[in-house]
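Student: One-letter residues, chain by chain:
Number of protein chains: 2
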Amino acid sequence: MTVVVGYVPTPEGEAALDIGIEEARLRGARLVVVDSHRSGEELDARTAGAADAELARLRERLQDAGVEHDVRQLVRGFEPAEDLISIAEANEAELIVIGLRRRSPVGKLILGSNAQRILLDARCPVLAVKAEG
Amino acid sequence: MTVVVGYVPTPEGEAALDIGIEEARLRGARLVVVDSHRSGEELDARTAGAADAELARLRERLQDAGVEHDVRQLVRGFEPAEDLISIAEANEAELIVIGLRRRSPVGKLILGSNAQRILLDARCPVLAVKAEG
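The listed protein sequences correspond, in order, to chains V and D.
Our numbering applies: residue 1 is where the first sequence begins, and numbers increase by one.
Our numbering applies: residue 1 is where the second sequence begins, and numbers increase by one.
Next comes chain V alone, as it looks inside the complex (with noise of 0.2 Å):
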């Protein structure tokens, strides 16, 4: 049993990974925590080393969870969508998690074409969650 959470760092991607990890250990399945970037293209030096802090981080904090966990973090040319959905498929996963943007006080938000693909494409349901407040 797998659940595989779209994690990215912004406060709705750290909300979607504390979600990920409570549902992780609700099921007793294992977390596939997906890391991914646009394009490999913008990788410099500079990125690249945020890139390592972000991925220690990010270990060692599912590490204090105590739930098996396995990161990938993915610098390729596919839209993050198809990369949640194909190792979705390819883990079997029973559930994926994904963080939205609330829609703001002022101006109607629309859901982000990502967002929108992940949820109707992927074969599992799909869990989304706002960052608090």
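Since the hints were derived computationally from the structure, they do not count as laboratory data.
Treat the hints loosely; a few may be bogus.
The calculated label-pair distances, taken between Cβ atoms and stated as ranges, are [said to hold, decoys possible]:
id : chain 1 : residue 1 : chain 2 : residue 2 : range
1  : V       : GLN63     : D       : PRO9      : 45 to 51 Å
2  : D       : ARG72     : V       : LEU55     : 30 to 36 Å
3  : D       : ARG61     : V       : ARG72     : 34 to 40 Å
4  : D       : PRO9      : V       : LEU55     : 42 to 48 Å
These numbers come from a predicted model, not from an experiment.
Using N, Cα and C, we set each Cβ at its ideal position, and we do this for glycine too.
Fit chain D to the known structure of chain V by using the hints.
Tutor: Below, chain D without anything else, positioned relative to chain V:
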């Protein structure tokens, strides 16, 4: 602890109900099933009869599932998204489950406005499920 399900008598609505029952069991939570109709004005004798039959089927299924439950059949002027969100908030729901129509193999479907509103405006995580196949 409460799980709220948005129910409609369609394949994706049935899928949402199935998953809602599973999630309520997993969490030891009460299930609130919201059977929401867009407008009370359409309600004539025939649709009222169909709604009663639907409600009877729904109650039987929930009884068989053995989860603590409550069915709210709403026929009023609000949009279904508002009904679902306000019931989730009134019950301090920890999860909302909704059904999504899957993208057709030919055309590129986007998410309906009701689903988008629930996903973005609900305070708790929202689990989105598609019908099988």
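Student: Of the hints given before, which are not true for this structure?
Tutor: Failing hint: just 2.
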